[in-house]
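Participant: Now for the letters of each chain:
2 protein chains.
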Amino acid sequence: MKLSKLLGNRLKEAPKDASLISHILLYRAGYIRQNAAGIYSYLPLAYKTMKKIIDIVREEMDKVDGQEVLLPSMNPREMWDKTGRYQSIGSELIRFQDRNEKDYVLAMTHEEAVAFLGKSELFSYKQIPFMIYQFQLKFRDEPRSRGGLVRVREFTMKDAYSFHLDDKDLQEYYYKVHEAYSNIFSRTGLKNYISVQSDVGMMGGKLAHEFMLLCDDGEDTLIICPECEYKANKEIARCRLEEFREKPLPMEKVHTPGQKTIEQVAGFLDKKIEQTGKAVFYYDDTNEQLIFVLIRGDLEVNETKLKNRLKSKEIRFATDEEILKTGAYPGYASILNLKSSDGLKILIDESVLTSDNLVVGANEKDYHYINFNLKRDYPDAEIFDLYSVPENSVCPECGNKLKLSKGIEIGNIFQLGDKYTKSYEIQVLDQDGKPQTPMMCSYGIGIGRLLASVVEESHDENGIIWPMSIAPFQVHLLCLSKKEDAARKASDDLYKELLEQGIEVLYDERKESPGIKFADADLIGIPVQIIISDRNIETGEFEIRLRKSKDSRNLSYSSDYIKEIKNIISKELSLCRR
Amino acid sequence: MKLSKLLGNRLKEAPKDASLISHILLYRAGYIRQNAAGIYSYLPLAYKTMKKIIDIVREEMDKVDGQEVLLPSMNPREMWDKTGRYQSIGSELIRFQDRNEKDYVLAMTHEEAVAFLGKSELFSYKQIPFMIYQFQLKFRDEPRSRGGLVRVREFTMKDAYSFHLDDKDLQEYYYKVHEAYSNIFSRTGLKNYISVQSDVGMMGGKLAHEFMLLCDDGEDTLIICPECEYKANKEIARCRLEEFREKPLPMEKVHTPGQKTIEQVAGFLDKKIEQTGKAVFYYDDTNEQLIFVLIRGDLEVNETKLKNRLKSKEIRFATDEEILKTGAYPGYASILNLKSSDGLKILIDESVLTSDNLVVGANEKDYHYINFNLKRDYPDAEIFDLYSVPENSVCPECGNKLKLSKGIEIGNIFQLGDKYTKSYEIQVLDQDGKPQTPMMCSYGIGIGRLLASVVEESHDENGIIWPMSIAPFQVHLLCLSKKEDAARKASDDLYKELLEQGIEVLYDERKESPGIKFADADLIGIPVQIIISDRNIETGEFEIRLRKSKDSRNLSYSSDYIKEIKNIISKELSLCRR
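For the record, the sequence lines run as chains A and B. Under the numbering used here, the first residue of the first sequence carries the number 1, and numbering increases by one thereafter. Under the numbering used here, the first residue of the second sequence carries the number 1, and numbering increases by one thereafter.
Chain A with its partners taken away, still in its complex shape (with noise of 0.2 Å):
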C-alpha cells in the first residue's frame, strides 16, 4: 500500500475531550474517525488490525470447537419479553418500531437469539455440549460513551455461547474458554492481563469471569490479592473485615446534642468509627421504594451490589424529604423507634455484624443509641453483603494485604445456569429418555476495545507500537528522497520486492521532508522500519530499525537481506504468544 492513497491523514491536534492515549493516537495516526458520540468509522490501517484480531479469536474458538454462526441485530421485541430484558434493561438497549408498528431491539447481545435458535434445534442430549460463535454489531446506547474506542455504542463482539447437561461439564468447558481467552490475548500481545471474578449484571447467572488489562486509565477498580489467587472487581469483590469485639452492654438512649455525622459522633462518643452504624438512604427508581441500609460507620456502600440485591436498573440518595416521610430523621436516622416502615426496605449490611454495642441514631433529634447489638435488638433483620471494599483491607480467603488496581475490561465469560434455556422452556431428552433444561455459557469480546487495550499498553511518547501478531502492515518503508533518483528507484524496487515476498508493507513514497516521514511512521507505529535514502544508497546499503527499541543497522543489498527481514518478523512475532 502506498501511503499517498491511503485513506485517513496524520494529524497534529487530538479530538477534543479525549483522555485515553489509545483514543489519542488511534485518532492523530488515521485509524478511527468519530461519526457520533461513541460511534466509530474505522480507516483501513484500523480495519486491517481489526481483521488481523478476528483472525485470531476465530483460530482460538475454533480450538475449542466453535461452530461460526451469524444471528441478526433486529430482534422481535416477544424475543426479550420471554427473558424479561425487554423490561429489565434500561435505555442502553435500542428500541424502534419497523413499518408495521411492531417493536423491535438492537441486538446489544445475542443470548435470547441463541435460545431461540436453541429451541427449534435441540431435542437430544447427542447433540450437547456444544458452542457457536459469531463476529457481529452489537449495539448500547451508553450514557457516557468516551474513551475512542473502549466505551462506544455500536461495536464489532466476538460472542460465544455454550450448552451443557451438567455442571462438570459446563464447568470443564467455561475454564477452556477462559484458556482460549488468555491465549488470544496474548497473540494479539498484550502482557499485562488477569481475569477477575465479576458482577454478573445484566446477564444474570451464577459466576463470571471478567478478563482485565491493568491500566492506570482505566474505568474498573480491581481488588487483588498478591499472595493467594483472589481477584474480584470492585463491584463484587469482598473483604475480611476487622472485628470489635466487646461484652454486650444494655441499650441505652443517649444525648448527642448538634452531632450528626459519624465523625461527630464517633468523637463527642469517645467510640471508634468501626463501632457506629452508618443509615444510608436510597430511592430505588425502579421499583419505586426508599432505601434504608445500616452499614458499619466506616464502609460505603457498594452500588452495584445494593442494585442486584434489589434488581434494580437505577439508584440515587433520597433526599431529607424522602427520608422524613418514612418517619426516620435525617442525621439521627435508625431502624429503631421507626413509626412505619411502610414503603421502606431496610437492609442490613453484613458488616454490622462485626461490632459490639454499635452507636446508631435514635430517629430523634440530638439522641443516639449506644450498645446497639443487632442480633439481640433487631433479631428479624436480613443481612446482605453490601459494603465495598476500602482501601488497606486483607484478603477475604488468605488475610494478607489486598492491593487495589486500575484495570479496562478486554473481556468477559459468565455461567448463564438455566435462566435463558428455561424462559425458552428448551428441554432435551437424556440418555434416560427423560427431558432435560440444559445450561448456558456465553463469553464475550470486543474487538474494538482489545484493538485501543493494545494501544493503551503498547506506545511512546511519538505514537503507537504494534505487536507484529495484529500490525496493520509489517513493515514501514520510508524513502527519504525527494527526487526520482536513485534513492527512489531502490525503494520502489523494494517495494515490489517485499510484495512478491508476501511481506506487508506501507510505502512512504510521498515527496514530503524526512522529519514529516519519520513522525508518521512512529506515529503510524508498525513494528518494522525501513530507511532508504541519499545517503545510505552511496554504501549500497538501507537502514532497518525496530519501532520499539529503535535498533538500528544497515543490511547491505548485497546480502540475503530478504531472508533477514523475514527473520526480524518472526521474532518480533514470537513476542506474542504465552
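Among the hints, a few may not be true.
[To be verified] Heads up, incomplete: computed chain A residues facing chain B, CB under 8 Å, no partners named:
1) 68
2) 130
3) 145
4) 502
Simulated from the structure, these hints should not be mistaken for laboratory data. In this text, all values refer to a predicted model and were calculated from it rather than measured experimentally. Heads up, the beta-carbon is just placed ideally off N, CA and C, and yes, glycines get one too.
The hints should help you fit chain B onto chain A, whose structure is shown.
Facilitator: Same frame as chain A, but now just chain B:
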C-alpha cells in the same frame, strides 16, 4: 466436523409460504432459520459458505486496489438530511431515537458515511482515485420480505465506493469493477448471469448496472436483445416503437355513446389501438398531486420511470372522485377541454408522438375527438419516456426482436456523479491548485442473496449442489455402519487423515439408517461424498461419488487415495471460474 454436533437439523417440511427453491432447500437442509419476517439466523453450514463468498469478494476487491474499512450502521439523522435522503426515502429506512431523543437511522447503504469521511480526509488530487469497501450489515425495512435470503430486512453487504476527479478515470474504474464483479460471480460457481442497465433508484446518479442471475423465479424482468449488446431492466428499458403515420386531418369531436375503454372506442371508430391516446391518472403521495399521463393506447405506464420523473416515493392510481375534481371526465378524460389544471400535473409519454390522427377523450360523457396530433393540438407539451416495453418489441439499438427474461439481482454498480460529494461540499485542490468536486461510484453485493442465488441455479430434486469454491465442506464422509466395527474404524481413521491433509470434511458418524444418511447428504449438497460400508470394507475399498453427476467409483485403501481425492477437489474447483 461431526454431523451429530452440527447445529441445524434437516427437516422434511418446507417453510410456510416459501416459493423460491433456495428458501426451501436452505431451510430444510438446516442452513437458515427465520427470526422474524425477512430476518434470518445463519447457522454453521450457511456461515461457512458465506465466509467463502466473502473471501472471494475480498480478493477481487483487493485486486482492484480496494481498501477495507468498517463504517457505522448508526448514522445521525443530519448525515442523511445533508443529501436529502432522510426525507426522500420512505419507510424502508429504519429511523429511531437514542436515549437523548436524538434522531438516527440504520444505514441501508453508506454513501453518506463515505462522503462524511471524504469531507474530513480529502484535500488533494494526489489522494484520488481510491476505493474503499466493507462487509457490513444493512437494514432495509422491505414491505414484502419473502423468498428466504433473496429479499430480507437485515443483511451483510459488500459495499464499495470509489472517488474520481475526471470522467475518463471514473469510466475506466467503473468497468474494472464491472469485470471484478464478473470474476466474483464466476468464482462462486454461477453460470447464467448477465449485466443489464438499470434504474439508479434512491442512489441517484447517472448510470447504473445490475448483475442478474437469469432465473424463472426472479422478481425482475429483463429486456435483452439477442443480437446486439442491449440489455436492460424493464424498469428503465426502451424499445423502438412502431410508428403509425398518416396525413394529419382536422380534429373532430365524435359521439361515442357507451364506449369507455380504449378497446371499445377503437373498435367503434374502426381504428387500431395504437392510434388512440389513453389517459391514466395517478396520485403522487409524496408530492401530494394528481398526475395525468397521456400514453399511446396499446402501451402501459412504467411506474418506475414515472416515480423517478416525479421524484416520488409512492404513487397509486387515482380514484374517480379525485379525477372528477380536476375537471377531467373518467372514461372520456382528456388533456383537452380541461376546466382547470390546478393541482394536476400533465405528463405526455413519447409514444404519443409515434401516431398521427389519434383518438383521444373529449372530457365529456360519450364523446371523443379523432385526429388529435400532439405537436399541432397541444404544442406546449413536455414529453417524457414513461412507457413500459411491451412483449414482442424490437431493440432500440439494432431493431431486432427483444427477449424478456426473469432475473434475480445479485449485484449493482452506480455512477453517482457528484450527487454526494456536492451535498457534502467535498473539494480537493487539483494540480493547478484549483478546487474541484470529486465524483463517486458505488458498488454493492448482498452476500446472503448471492448465496441463495447459487442455490437457485444449482440444485436438483434431492437438494443443494454446491460449487466446490463455496461449499461449506469439500467432502461429506458417510459411515453406513451402525456398529463399532471395521467400517466404523475405517471411517474414523479416514476422517482424521482427511483433516490432517487439510481437507474440509463433514463426517456423518450417526447411527442412522443409510437411507437417512444419503438423503441428508444430498440435501446438504457437499460436492464430494465418500461412503464407507460393511460391504465395501470387505473388498478393501471405499466409494467416492460426485453430488452433481452422481458419478461414482471405488478407491482402494492401498492406492494413493488422498492424492486422488485432492485431484477430484481441484477439478471441481476449476469449474468455478470464468
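Participant: Can the hint on residue 130(A) be confirmed by a CB-to-CB distance to chain B that is less than 8 Å?
Facilitator: 5 Å, holds
Participant: Should the interface hint for residue 502(A) be scored as holding, given a Cβ-Cβ cut-off of 8 Å against chain B?
Facilitator: This hint is violated: residue 502(A) lies away from chain B, its Cβ roughly 14 Å from the closest one there, beyond 8 Å.
Participant: Do the numbers back the hint for residue 145(A), that is, is its least Cβ distance to chain B under 8 Å?
Facilitator: 10 Å, violated
Participant: Would the hint on residue 68(A) stand, with a C-beta cut-off of 8 Å toward chain B?
Facilitator: 5 Å, holds
Hint compliance for this structure: hints 3 and 4 are broken, all remaining hints hold.
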